[in-house]
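Asks: Residue numbering for the sequence shown follows the numbering used here, starting at 595 and increasing by one per position.
All clues stand as given, with none of them false.
Computed cross-link-like contacts, EDC-like style, restricted to lysine to aspartate or glutamate with a CA-CA straight-line distance of at most 20 Å:
#, residue 1, residue 2
1, Lys663, Glu705
2, Lys631, Glu708
3, Lys651, Glu693
4, Lys631, Asp668
5, Lys651, Asp640
6, Lys781, Glu930
7, Lys774, Glu818
8, Lys781, Asp799
9, Lys631, Glu705
10, Lys663, Asp640
11, Lys774, Asp931
12, Lys774, Glu930
13, Lys663, Glu985
14, Lys774, Glu924
15, Lys631, Asp606
16, Lys774, Asp820
17, Lys631, Glu666
18, Lys663, Asp901
Label pairs and their in silico Cβ distance ranges:
#, residue 1, residue 2, range
19, Gly789, Ala816, 36 to 42 Å
20, Thr700, Asp911, 35 to 41 Å
21, Ala821, Asp715, 48 to 54 Å
22, Ala816, Ala736, 34 to 40 Å
23, Gly630, Arg697, 22 to 28 Å
24, Cys662, Ala778, 50 to 56 Å
25, Gly967, Asp911, 30 to 36 Å
Think of the hints as simulated: they come from the structure by calculation, not from any bench. All figures in this text were calculated on a predicted structure; none of them were measured in a lab. All C-beta atoms in this analysis are idealised placements derived from N, C-alpha and C, irrespective of residue type, glycine included.
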Amino acid sequence: MTVILKANGPADLLAMAPPMVGFLPRNSVVLVAFRGKRTCGAMRFDLPPSDNPVVHKRVVTTIVGMFCKLPEVDAAVVIVYTDDEFGISDAIPQAAFAELIGRRLTLSGFELRESICQAADGWASYFDPAVPVGGHPLIRIAESTVARAIGGQRGMFPPPTSMIDRVPRAEESQRMRLTKRLEAYEKVRASIVRGDGPMPPSVFDVVEDLPLFAERALAWDAAELDAYGALLVFVLQGPPIRDLVMLQWSFGIEVGDRVWNLDRQDGASDGTTDDTSDAARERLADTEDLADTEDPADRGDLADIGDLMMGIGPRPDPRRIEGGIALLLELTSRAEDVRRPPMLCMLAWLNWALGHGSQAGLHLDEALAIAPGYSMAQLLRSMTGTGILPEWAFETPPPPVE
595 MTVILKANGP ADLLAMAPPM VGFLPRNSVV LVAFRGKRTC GAMRFDLPPS
645 DNPVVHKRVV TTIVGMFCKL PEVDAAVVIV YTDDEFGISD AIPQAAFAEL
695 IGRRLTLSGF ELRESICQAA DGWASYFDPA VPVGGHPLIR IAESTVARAI
745 GGQRGMFPPP TSMIDRVPRA EESQRMRLTK RLEAYEKVRA SIVRGDGPMP
795 PSVFDVVEDL PLFAERALAW DAAELDAYGA LLVFVLQGPP IRDLVMLQWS
845 FGIEVGDRVW NLDRQDGASD GTTDDTSDAA RERLADTEDL ADTEDPADRG
895 DLADIGDLMM GIGPRPDPRR IEGGIALLLE LTSRAEDVRR PPMLCMLAWL
945 NWALGHGSQA GLHLDEALAI APGYSMAQLL RSMTGTGILP EWAFETPPPP
995 VE
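All chains should be built: construct the whole structure from the sequences, respecting the hints.
Replies: Given below as structure tokens:
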């Protein structure tokens with residue numbers, strides 16, 4: 595269902611922006627994009643770290659350059675969120691930066707429809723020649739027509755929340771249960787590597803067809819989560835499975851099957867045995883590296899998969915990604931710190947794939963605080979820390995199904 599909200603002034607626009615970006619920004623600039631009279635998205639960036647004009651120009655060049663990549667966009671609204679205050683002045687905070695970004699947008703061919711500042715103690719339009727001392731009261735945003743309309747459509751517009759600095763911890767009983775199961779699984783894996791252990795318990799049979807296991811996980815109920823969640827956390831500790839599940843939850847089981855088949859061709863399992871437990875033994879013993887292959891076709895598959903990791907390729911399914919994020923947040927909340935980095939990297943990449951670069955960065959901060967040398971977190975930091983978004987973020991999405 596499409597809900598149309600009409601903004602009749604700056605207060606309405608300020609009420610509309612947080613639901614569009616998913617949270618209430620701080621010390622940020624948000625560019626609301628328009629195609630004709632309708633909004634089609636919003637981009638958020640950190641405010642420059644200093645008042646240096648050279649820094650401002652560099653930041654604005656990056657911001658406007660990314661905005662120019664949005665297809666069919668012809669107009670913009672600029673909203674600056676700052677912890678600065680009006681105080682007893684009518685001078686609007688961050689005016690020089692807002693003027694520069696507005697001028698660059700205009701020179702790039704966009705209509706600048708509005709430019710607004712929401713400070714810590716008030717708000718005002720940079721277009722307003724008669725700003726009151728102290729700005730307009732913030733309460734007017736909550737009392738605006740759009741804010742009231744959003745309040746009546748909570749199903750379509752969930753309340754904006756703060757971003758997650760750290761995935762919260764689950765109840766101690768849930769954490770202890772998962773930890774004990776992980777310890778048991780690790781003992782089984784160690785015995786398999788040594789070659790002196792008994793057959794793995796039947797719970798491991800599901801890892802013979804990992805794409806199917808990962809696919810079913812997206813629809814787990816509470817009982818299935820309790821039964822199999824620890825096993826999923828366990829197998830996600832290995833880079834190849836971590837990346838397989840991450841991509842499959844974004845693009846579909848076909849991609850998971852491709853990665854799985856490439857990995858199996860490396861000798862982890864030849865697929866010739868009918869003994870599920872034997873296959874499970876082989877999978878559990880191999881959780882370290884992506885497959886190397888001599889087949890040119892397989893190298894092409896790996897190149898395609900690498901492109902997907904870099905944000906190049908078809909648009910992923912946002913509903914699948916959101917389901918994966920919800921599951922990972924629950925599993926991560928039950929895991930001790932030592933087990934968190936793989937899942938935090940998955941959370942970072944999945945958020946980045948949705949265009950939520952700020953939240954992705956916070957998950958990477960947590961991963962690197964736990965394990966500074968974790969290579970996937972370092973790689974993602976180098977990729978996302980420059981503000982790069984996946985190419986599909988700039989594509990025109992398909993029309994919603996009514």
